[in-house]
Each structure stands twice: as C-alpha cells, then as structure tokens.
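Undergrad: Whenever a hint applies, use it, and build me the whole structure from the sequences.
Protein chains: 2
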Amino acid sequence: MEVQDEINFQEKIKWVQDTMFVLGGKWKLAIIIAMYHGNKRFNDISISIPTITNRVLSKELKHLEENLLIKRVVVSDYPIKVEYRLTEYCYTISEVLIAMENWGKQHREKIKKKE
Amino acid sequence: MEVQDEINFQEKIKWVQDTMFVLGGKWKLAIIIAMYHGNKRFNDISISIPTITNRVLSKELKHLEENLLIKRVVVSDYPIKVEYRLTEYCYTISEVLIAMENWGKQHREKIKKKE
Numbered sequence: 001m002e003v004q005d006e007i008n009f010q011e012k013i014k015w016v017q018d019t020m021f022v023l024g025g026k027w028k029l030a031i032i033i034a035m036y037h038g039n040k041r042f043n044d045i046s047i048s049i050p051t052i053t054n055r056v057l058s059k060e061l062k063h064l065e066e067n068l069l070i071k072r073v074v075v076s077d078y079p080i081k082v083e084y085r086l087t088e089y090c091y092t093i094s095e096v097l098i099a100m101e102n103w104g105k106q107h108r109e110k111i112k113k114k115e
Numbered sequence: 001m002e003v004q005d006e007i008n009f010q011e012k013i014k015w016v017q018d019t020m021f022v023l024g025g026k027w028k029l030a031i032i033i034a035m036y037h038g039n040k041r042f043n044d045i046s047i048s049i050p051t052i053t054n055r056v057l058s059k060e061l062k063h064l065e066e067n068l069l070i071k072r073v074v075v076s077d078y079p080i081k082v083e084y085r086l087t088e089y090c091y092t093i094s095e096v097l098i099a100m101e102n103w104g105k106q107h108r109e110k111i112k113k114k115e
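Chains as they are written, first to last, in the UniProt record's numbering: chain C, 1 to 115; chain H, 1 to 115.
Do not rely on the hints blindly, as some may be mistaken.
Since the list can't tell identical chains apart, any single copy or any two copies may satisfy a pair.
[What the hints assert, rightly or not] Keeping only pairs whose Cα atoms sit at most 27 angstroms apart, straight-line, the calculated DSS-like set for lysine-lysine is:
{"no.": "1", "residue 1": "K71", "residue 2": "K28"}
{"no.": "2", "residue 1": "K81", "residue 2": "K40"}
{"no.": "3", "residue 1": "K59", "residue 2": "K112"}
{"no.": "4", "residue 1": "K81", "residue 2": "K14"}
{"no.": "5", "residue 1": "K14", "residue 2": "K28"}
{"no.": "6", "residue 1": "K59", "residue 2": "K28"}
{"no.": "7", "residue 1": "K26", "residue 2": "K105"}
{"no.": "8", "residue 1": "K40", "residue 2": "K114"}
{"no.": "9", "residue 1": "K62", "residue 2": "K113"}
{"no.": "10", "residue 1": "K71", "residue 2": "K112"}
{"no.": "11", "residue 1": "K26", "residue 2": "K110"}
{"no.": "12", "residue 1": "K14", "residue 2": "K59"}
{"no.": "13", "residue 1": "K110", "residue 2": "K14"}
{"no.": "14", "residue 1": "K28", "residue 2": "K113"}
Hint data in this document are derived by calculation from the structure and do not stem from the laboratory.
TA: This is how it looks when you write it as structure tokens:
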C-alpha cells in the first residue's frame with residue numbers, strides 16, 4: 001500500500017469514529033427521527049420512543065445540543081414551556097440517516113433468511 | 001400526524017437501531033475500513049487501528065462474522081494461518097460508510113469553527 005493510501009485510511013477511520021461519537025448509540029438518531037416527525041416536547045419525544053428512559057433522553061438531548069443538531073427553546077416563561085427543535089445543520093445528516101434506514105431494513109430480511 | 005405516518009416512523013427507528021446494533025460503536029466500521037485497505041490477519045488489523053485492544057478486536061470480529069459482513073478463513077493448516085475477509089454482502093454497507101465519512105469530515109470543521 002502507498003503511504004498516501006495509509007494516511008487516507010487512518011483519516012477515514014477518524015471521520016467515521018467522529019460520526020459515531022456524535023450520532024452513535026441506540027437513541028440519538030431515534031430522537032432525531034421522533035423530532036422530525038413532529039415531537040418537540042420532552043414528554044412527547046419520550047413517549048414516541050419505546051423503552052427510552054427520561055434520564056437517558058435528557059442526557060442524549062444535551063449531547064445533540066452540544067453538537068449543534070438540536071436547540072432547546074424556551075417558548076413560554078410562565079408556566080415555563082420548553083421545546084426542542086432540529087437545527088438547519090441537523091438536516092446535513094439526512095444522507096447518513098437514509099443510508100442507515102435502508103440498510104437496517106434489508107439486513108432484517110437477510111438475517112431472517114439465514115435463520 | 002396520520003396513523004400511517006406514525007407506523008412508518010416507528011419502523012424507521014427500528015431499522016436505524018438495527019443498523020446501529022450491527023455497525024455501531026467505535027470499532028466495527030474501523031475494522032471494516034482497515035480490512036478494505038488490505039489488512040487480513042488479526043495482527044495486521046490490530047496494528048492498523050490505533051488503540052484497539054486484542055480482546056476488543058476479537059469480540060468485534062466475531063460480531064461482524066455473525067452478521068455476515070466478514071468471514072474467517074483458515075488458509076493453512078500447519079502452521080495454522082487464519083485470514084479475515086470481507087464478504088460480498090459487506091459491500092452493501094458502502095453507502096452508510098461513505099455518508100459517515102463525509103459527515104464526520106465536515107463535522108470536525110464545523111466544531112472547530114464553533115470553538
């Protein structure tokens with residue numbers, strides 16, 4: 001292998017690991033999908049994602065906010081009312097999201113056939 | 001939201017979670033990238049991925065094999081020599097992989113600007 005090739009592939013590993021750090025795990029993309037489908041309040045997001053706990057949801061929302069994918073908006077002061085919104089930047093992940101949806105869909109069929 | 005919409009988005013969450021289960025975490029895609037770039041032996045893969053431990057690599061190779069993405073091939077009996085090879089099926093993840101590489105690359109720049 002050429003030296004340039006070697007560098008490129010180490011870089012690729014870093015990029016993919018960065019993406020995994022930001023979007024990886026069981027819940028982050030699920031939250032983004034739920035929000036994309038109209039769920040904006042903490043409780044609505046929580047209910048729309050089977051088996052997520054409030055503690056985990058809270059942690060994941062913070063992580064997504066730190067990575068500029070969602071924003072927390074106080075829409076009313078009294079009583080306090082908070083909404084979470086996808087940022088414009090969040091739409092840059094659509095290619096990743098669609099590729100993962102498609103692959104997951106066909107993989108389920110593939111594994112079924114194997115069994 | 002329409003009922004059909006609701007079903008579709010719950011399905012989407014499942015597909016994405018399936019993909020994350022198979023490809024998620026820090027190492028699985030790194031291993032596939034390293035193998036794609038010519039590393040076939042356990043030790044070569046290990047050396048090519050900074051900071052992965054042998055214990056983790058061994059576990060991840062098994063997981064990738066169970067999910068039909070790689071195969072373990074005994075290429076010589078004595079002394080025993082094992083190689084890991086990407087399956088044809090593994091190439092179906094290229095869309096996911098390329099999308100994640102691209103996104104990770106631009107996200108690093110984005111976060112740099114923020115800081």
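Undergrad: Does each hint hold? Answer for all of them.
TA: Okay, the hints, checked on the actual structure:
1. Only within a single protomer do K71 and K28 lie at most 27 angstroms apart by alpha-carbon distance; the minimum there is 14 angstroms, versus 30 angstroms between protomers.
2. Taking CA atoms no more than 27 angstroms apart as the test, K81 paired with K40 passes inside one copy only; the shortest distance there is 11 angstroms, against 55 angstroms between copies.
3. Taking CA atoms no more than 27 angstroms apart as the test, K59 paired with K112 passes between copies only; the shortest distance there is 23 angstroms, against 34 angstroms inside one copy.
4. Proximity of K81 and K14 under a CA criterion of 27 angstroms is satisfied in neither setting, with 39 angstroms inside one chain copy and 30 angstroms between copies.
5. In this homomeric assembly, K14 and K28 come within 27 angstroms of each other (Cα to Cα) both inside a single copy, at 20 angstroms, and across copies, at 13 angstroms.
6. Taking the shortest alpha-carbon separations for K59 and K28, both the intra-copy value of 10 angstroms and the inter-copy value of 24 angstroms come in at or below 27 angstroms.
7. For the homomeric pair K26 and K105, the shortest alpha-carbon distances inside one copy (16 angstroms) and between copies (22 angstroms) are both at most 27 angstroms.
8. Proximity of K40 and K114 under a CA criterion of 27 angstroms is satisfied inter-copy only: 25 angstroms between copies versus 40 angstroms inside one chain copy.
9. In the homo-oligomer, the alpha carbons of K62 and K113 lie at most 27 angstroms apart only across protomers (20 angstroms), although the nearest pairing inside one protomer, at 39 angstroms, exceeds that limit.
10. With identical chains, the CA atoms of K71 and K112 are at most 27 angstroms apart between copies only, with a shortest distance of 19 angstroms across copies and 39 angstroms within one.
11. Both within a single protomer and between protomers do K26 and K110 lie at most 27 angstroms apart by alpha-carbon distance, with minima of 21 angstroms and 24 angstroms respectively.
12. For the homomeric pair K14 and K59, the shortest alpha-carbon distances inside one copy (24 angstroms) and between copies (21 angstroms) are both at most 27 angstroms.
13. In this homomeric assembly, K110 and K14 come within 27 angstroms of each other (Cα to Cα) only across copies, at 15 angstroms, whereas the closest approach inside a single copy is 29 angstroms.
14. Taking the closest pair of Cα atoms, K28 and K113 come within 27 angstroms of each other only across two copies (23 angstroms); inside a single copy the shortest separation is 29 angstroms, beyond that limit.
When held up to the earlier numbered hints, the structure conflicts with hint 4 and nothing else.
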